[in-house]
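**Q** Going by full-length UniProt numbering, the letters in the sequence shown line up with residues 1 to 169, in that order.
These are computed hints drawn from the structure, not numbers from a lab.
Where hints are given, some of them may not hold.
[What the hints assert, rightly or not] Ranges of calculated distance between the beta carbons of each label pair, as one might list FRET restraints: (1) L101 - T137: 20 to 26 angstroms; (2) G134 - I161: 19 to 25 angstroms; (3) T136 - P47: 19 to 25 angstroms; (4) E122 - K82: 30 to 36 angstroms.
[As the list claims (entries may be wrong)] Cut-off 30 angstroms, straight-line C-alpha distance, at most; resulting in silico cross-link-like pairs (DSS-like, lysine-lysine): (5) K96 - K72; (6) K129 - K163; (7) K165 - K85; (8) K146 - K165; (9) K107 - K163; (10) K163 - K66.
Note that beta-carbon positions come from the ideal geometry of N, C-alpha and C, so glycine has one too.
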Amino acid sequence: MKTLKYLVLSIISCLVVVGCGDKKEKKKEGFTYENTTNSTKEVVNSPNDVVLTSNDAMQFNKREIKVRSGSKVKLTFKHLGKMDKNIMGHNFVLLKSGVDLVAFGNKAATARDSGYIPDDGEAVIAHTKLIGGGETTVIEFEAPEKGTYDFLCSFPGHFAIMKGKFIVE
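Given only the sequences and the hints, what does the whole structure look like? Please build it.
**A** What follows is the structure in structure tokens.
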């Protein structure tokens, strides 16, 4: 009986060794196994590179955005929904310090021809264009001085839900 155990154990061990032998793995076309990372190049994600998304449920994915002062901000704004911009359009509007968000939102609602951005421009630091489902837009602007600012979507009625704080440290 003991001999039978050792024989079975030996056969299984041999099968495992043969199964794990030196087989050449087939490479998929267009895929490489080599390490293509160049050690001399460092990928640095700037804290001022911001990705903000919105959806058909009138939501931003962030209620707070933090950036560093004294440098350029790159904001990538994506609409993850499916609805057209005339029905469920979204934008990102960064207001200057002290601007009344509700008053601005109400004024913006009447500015359809300018993408719901009032023409005076006195209240806005930066803004994206109005985008619809599946669209993306990118803007770059200088970070304002240290402080806390309001951001919102100025499409009519959205500012009540789609708003947040833009914090410059």
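**Q** Against this structure, judge whether each hint is valid.
**A** Hints and how they fare:
Roughly 22 angstroms separates the CB atoms of L101 and T137, a value that falls within the hinted 20 to 26 angstroms. Between G134 and I161 the Cβ separation comes to about 21 angstroms, which falls inside the hinted range of 19 to 25 angstroms. The hinted range of 19 to 25 angstroms is satisfied by T136 and P47, whose Cβ atoms lie roughly 21 angstroms apart. A beta carbon spacing of about 35 angstroms between E122 and K82 agrees with the range 30 to 36 angstroms that was offered as a hint.
Of the supplied pair hints, the one linking K96 and K72 holds, its CA atoms being roughly 17 angstroms apart against a limit of 30 angstroms. Taking the CA atoms of K129 and K163, the gap is near 16 angstroms; set against the 30 angstroms cutoff, the hint holds. As the CA atoms of K165 and K85 are separated by approximately 24 angstroms, the hinted pair is consistent with the 30 angstroms bound. The hinted pair formed by K146 and K165 meets the criterion: a straight-line CA distance of about 13 angstroms does not exceed 30 angstroms.
In summary, the hint linking K107 to K163 is supported, as the alpha carbons are separated by about 16 angstroms, within the 30 angstroms threshold. A threshold of 30 angstroms between alpha carbons decides the hint, and for K163 with K66 the separation of about 14 angstroms falls inside it, so the pair holds.
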